[in-house]
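One letter stands for each residue in the lines below.
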Amino acid sequence: MKEQRRSILKKIFTSAAGVVGLGVVANAKSDAAPEKEVFNVVKDDQDVPLFSGSTKFGNLVFVAGKGAHFDGDITAHTLHVLDELEKELVKAGSSMKKVLKVSVFLHDLNDYKAMNEAYKGKFGDKPPVRTTVAVYGGVPGDSLVEMDCIAYI
Amino acid sequence: MKEQRRSILKKIFTSAAGVVGLGVVANAKSDAAPEKEVFNVVKDDQDVPLFSGSTKFGNLVFVAGKGAHFDGDITAHTLHVLDELEKELVKAGSSMKKVLKVSVFLHDLNDYKAMNEAYKGKFGDKPPVRTTVAVYGGVPGDSLVEMDCIAYI
Amino acid sequence: MKEQRRSILKKIFTSAAGVVGLGVVANAKSDAAPEKEVFNVVKDDQDVPLFSGSTKFGNLVFVAGKGAHFDGDITAHTLHVLDELEKELVKAGSSMKKVLKVSVFLHDLNDYKAMNEAYKGKFGDKPPVRTTVAVYGGVPGDSLVEMDCIAYI
Numbered sequence: 001m002k003e004q005r006r007s008i009l010k011k012i013f014t015s016a017a018g019v020v021g022l023g024v025v026a027n028a029k030s031d032a033a034p035e036k037e038v039f040n041v042v043k044d045d046q047d048v049p050l051f052s053g054s055t056k057f058g059n060l061v062f063v064a065g066k067g068a069h070f071d072g073d074i075t076a077h078t079l080h081v082l083d084e085l086e087k088e089l090v091k092a093g094s095s096m097k098k099v100l101k102v103s104v105f106l107h108d109l110n111d112y113k114a115m116n117e118a119y120k121g122k123f124g125d126k127p128p129v130r131t132t133v134a135v136y137g138g139v140p141g142d143s144l145v146e147m148d149c150i151a152y153i
Numbered sequence: 001m002k003e004q005r006r007s008i009l010k011k012i013f014t015s016a017a018g019v020v021g022l023g024v025v026a027n028a029k030s031d032a033a034p035e036k037e038v039f040n041v042v043k044d045d046q047d048v049p050l051f052s053g054s055t056k057f058g059n060l061v062f063v064a065g066k067g068a069h070f071d072g073d074i075t076a077h078t079l080h081v082l083d084e085l086e087k088e089l090v091k092a093g094s095s096m097k098k099v100l101k102v103s104v105f106l107h108d109l110n111d112y113k114a115m116n117e118a119y120k121g122k123f124g125d126k127p128p129v130r131t132t133v134a135v136y137g138g139v140p141g142d143s144l145v146e147m148d149c150i151a152y153i
Numbered sequence: 001m002k003e004q005r006r007s008i009l010k011k012i013f014t015s016a017a018g019v020v021g022l023g024v025v026a027n028a029k030s031d032a033a034p035e036k037e038v039f040n041v042v043k044d045d046q047d048v049p050l051f052s053g054s055t056k057f058g059n060l061v062f063v064a065g066k067g068a069h070f071d072g073d074i075t076a077h078t079l080h081v082l083d084e085l086e087k088e089l090v091k092a093g094s095s096m097k098k099v100l101k102v103s104v105f106l107h108d109l110n111d112y113k114a115m116n117e118a119y120k121g122k123f124g125d126k127p128p129v130r131t132t133v134a135v136y137g138g139v140p141g142d143s144l145v146e147m148d149c150i151a152y153i
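Protein chains in written order, with the UniProt record's numbering: chain A, 1 to 153; chain B, 1 to 153; chain C, 1 to 153.
Worth flagging that the hints you see were computed from the coordinates, not collected in a lab. The model shown is predicted, which means the values in this text are computed figures rather than measured ones. A few of these clues could be false.
Just so you know, same-sequence chains aren't split out, so a pair can sit in one copy or run between any two.
Said to hold, decoys possible - No farther apart than 27 Å at their CA atoms in a straight line, the calculated lysine-lysine pairs in the DSSO-like style are these: (1) Lys97 / Lys122; (2) Lys87 / Lys126; (3) Lys97 / Lys43; (4) Lys97 / Lys120.
Chain A on its own, in the form it takes in the complex (with noise of 0.2 Å):
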């Protein structure tokens, strides 16, 4: 049953992934009322917006929940997803460090050590709030996680 929810997903998600698309559209104005900052726009093949890598307002950064659509153990996903919220947060022009908050969405919460073990220290000395919870299958494209956070500038 899981293996069949987990060929459905990558299924699922190998066709969203067609219709991805990237763009990096506008700047805020410091001459008035703050405006967000979009990064990393996903579009569709009919170039609609659907959603972006990082929004950015005043000096609040919000990043996309992100996910690993390759095969790979828990340590693997959870190294990439990292990996991919660091990068949205230095192209918004924050860091690891001045993440506040970190939402984890496990596919199995027999994972949750291990997640742990690659997760831990990635943040600096002052980590950001961190919540847990396991999907079992409701985790899109496959992945065994899915990160997503809010930081600062």
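Let chain A serve as the given structure and place chains B and C on it in line with the hints.
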């Protein structure tokens, strides 16, 4: 099993919906430290506050998780939920274009693609970040999808 | 099956709990760009920072996901989790009345109504927004409910 789950959920939610009331509470003071404002407070049948439809603090707006509590497919439910989010945003002085972050909880990950089709383009050219997972029976009130968001004014 | 899952979770969490340490780190500088403050840092047995109990940035406070790791029903677990949130809020200089957003992850959606009964009224007359889903075995540490929050000071 899934059907059974959804029947139970429908019962729970119907029960909960029976005790819902609406109200608008509070305004921020402009001459002191910022205070939160809240909109569309949901109370129980003894008038005890449960949660708000949105909260506003400074120029940030937080919108409660919204579901679709009627018979319908993922397209209808997604469109309804987005409409509910928009109502809250407008009431709080924000808009779909000012959303920074969306969280999406699907009932079934197989609805991912159809959710995307209904979702895309609804937040303008600079879309919010998004995190999507499925919770397989975990969305209250028999809804196929629940979404919340963080925005600005 | 559910029982089996919960037994596994208990083992995982007990193991994780064994490496938990507490610490308070850092103060914001008032004469420069705002920095985050963190409280109740959880570290592993080699003193590597894992996550914080709360983070503070400007006048925003982020509290980590809290669970109830003892035998008890949803009422006891909900009250405990709310109490844990309150402790973090007070430590960071905030309070239950200053919470803007709560995320609730139930072990079982059948606990929705009883969770509400224990939850209502705990945040004052201007309650935070709330997003609730169930994750059926996905809450770490055998807790029937996990909650996090965003607040202000």
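Hints, verified against the model:
Taking CA atoms no more than 27 Å apart as the test, lysine 97 paired with lysine 122 passes inside one copy only; the shortest distance there is 8 Å, against 33 Å between copies. Proximity of lysine 87 and lysine 126 under a CA criterion of 27 Å is satisfied in both settings, with 20 Å inside one chain copy and 19 Å between copies. Taking the shortest alpha-carbon separations for lysine 97 and lysine 43, only the inter-copy value of 16 Å comes in at or below 27 Å, while the best intra-copy value is 30 Å. In this assembly of identical chains, lysine 97 and lysine 120 lie within 27 Å of each other by CA distance solely inside one copy; the values are 12 Å within and 32 Å between copies.
Taken one by one, the earlier hints all hold for this structure without exception.
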